[in-house]
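In the UniProt record's numbering, the protein residues as written are 1 to 398.
No lab work stands behind these hints, which were simulated from the structure alone.
Computed from a predicted model, the values in this text were never measured in an experiment.
Among the clues, some could well be false.
[What the hints assert, rightly or not] Derived DEER-like restraints, expressed as beta-carbon distance ranges: (1) H168 to P207: 23 to 29 Å; (2) Y206 to H168: 22 to 28 Å; (3) R218 to E284: 49 to 55 Å; (4) H309 to L334: 45 to 51 Å; (5) S337 to R218: 49 to 55 Å; (6) P207 to N234: 15 to 21 Å.
[Claimed, not checked] Straight line, CA to CA, 30 Å or less: simulated DSBU-like cross-link-like pairs of lysine-lysine: (7) K46 to K267; (8) K233 to K325; (9) K267 to K321; (10) K46 to K167.
The C-beta atom is built at its ideal place from N, Cα and C for all residues, glycine as well.
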Amino acid sequence: MANNNLGEGSAEPSEVSGANSPRHFFCRFDPVTKKDKLLMLLFDSKCNSTLNEMSRLDVLRVTQDAARFQRETERSPLFGKSCQATGSSRQSRQSGAADSGTSVCDVQVRVNYSRMENAFSTTNEPSVVIRKQAIFFSADPLRAIVLRDLCLVYVPDGADSLLSMLKHDFASNACDGAGSPFEFRALEALLTTLARYFRAQYDQIYPVIAAELEHLVRGNVDLRELERLREFKNTMNEFEAQVEGVRRVLMDLLDNEEDLRLLYLTKLYQDPSLLGNLFSFDSEEAEVLIENYLQDIFSTRTTAELLQHRISNTESLVTLKLDSKRNYLLAVQLVFSLVLINIAVGTLVTGIFGMNLFSGVENAAHWFWAVGIAIVIFFALATGSGIVHFTKKGVMLT
C-alpha cells in the first residue's frame, strides 16, 4: 500500500530548484542493488556511518516516523497549521490529497521521497525541498534525506572517493560543531563534500584541457584535435551547468526567509508552536551556513567559466587558423587558374599556326621564334598583371 502511495499527491513541493541540470557528470546515480534494494549510507546524531541495504518502503517509513509529532499534537489545530507552514507559500496547496485520512504533509513527503530516485523523477534539477521534519537534498552526485537525528545518503554507483570525503566531513563536523543541531552538521557535511567534489573534479580536468589548448594554439590543427576541442567544450558546459544549478539553489534558499527557518528541524520539533510564527526566531545560523558554501560554489563556478572562455577563445583562434589556410588555398587556386588561362591562350595560338592549311608563312624565316617569344612574353605579362590586379583588390593575401 505504501508503494502505491509513492506516486500520489497533486500538491506541488516547496522546492528551491536550480537551472536545468545536465546528465550526471562524473558518476552514474544508480543506488539500486541487485536485490532491488537501495544502498544507503546512514549517519546518526554522533556522525557515525553505517552502510545498509534498505527497501524503498523502509526509507519512506524512517522519513515518516521522523516527521511525526506527538499524537495529541497531530490532533490539535496547531498540527494542521504546521502542515501548512511546512508547505511553500509560493505554491498553491490542495486539500484532501488523501481520502483515507492521510494528511497533505504525508502525501507531500511521499512525493518528495519518490523524486529522490531517477526511476520516479522526471528531472535531475538540483533542489532542496523542506518537508515536515525532513530536508530532501538533491544535487548530483549527492542525494540525501536529512532528519533531525539521522541522515540517509543515497550511494551512487562508482562514487567511492565521494563517500570517503563525505565520511571525513561528517566526522570533522561531529568534532567541530558538537553544539549545533544535527541537521546543520549534516547539511554542512553535504555542502562541504559537494564543494570539495566540484573543486577536485575541476582540478582534475583543468591540466588536461589546458595542455590540449596550448597544443592547439602552437601546433597544426587536424580533425582529431578539433573533435577533442568539441569534447572539452561539452564537458565544461556540463560541469558549469551542474555547478550553476547548485549555486542557484543556494541563492534561492538564501532569499527565502521561510525555508531558512524551516531548516531548524530540532528547534521546531522541540517547540512545535514556532511553526505558527516562524519569524519569531532568528535564522542567522542557517544564513551563515548557506553563505559560506555559496562562496565556495561561486568560486568554482567562476574558475570553470574562465576556463570555458579560454576554450571559446581557442576555438576562435583555431577557426581563424582554418580560415587562413582556406584563404591561402583559394589564393593558390587563383594563381593556377591564371596560369592555366594564359597557357590556354598560348595553346590557341599554337593550334592556329599548326593547322594543316596554307597561310603563306610556312616557309618564312624567323616566324617560329617570333611567335614562340611572343607567347612567352604574353604569358608572363598576363599572369603578372592578373596577380597584381587581384592583390590590389584584396583577393590575393600575402
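So does S337 sit 49 to 55 Å from R218, Cβ to Cβ? The hint (49 to 55 Å, Cβ to Cβ) is violated, given that S337 and R218 are roughly 34 Å apart.
Do the alpha carbons of K46 and K167 lie within 30 Å of each other, as the hint requires? Distance of about 12 Å is within 30 Å: holds.
Distance restraint hint 49 to 55 Å, applied to the beta-carbon atoms of R218 and E284: 53 Å, holds
Please work out if K267 and K321 have their alpha carbons no farther apart than 30 Å. 63 Å, violated
Taking the CB of P207 and the CB of N234, does the distance hold inside 15 to 21 Å? 18 Å, holds
Does the Cβ-Cβ separation between Y206 and H168 fall within 22 to 28 Å? Cβ of Y206 to Cβ of H168: about 23 Å, so the range 22 to 28 Å holds.
Straight-line alpha-carbon gap K233 to K325, limit 30 Å: Holds. K233 to K325 sits at ~24 Å (cutoff 30 Å).
Supplied distance hint 45 to 51 Å, evaluated on CB atoms of H309 and L334: 37 Å, violated
Is 23 to 29 Å respected by the C-beta to C-beta distance linking H168 and P207? Distance hint for H168, P207 holds at roughly 24 Å.
Straight-line alpha-carbon gap K46 to K267, limit 30 Å: The given pair, whose Cα atoms are some 18 Å apart, holds under the 30 Å limit.
In terms of the numbered hints stated before, the structure departs from hints 4, 5, 9, listed from lowest to highest.
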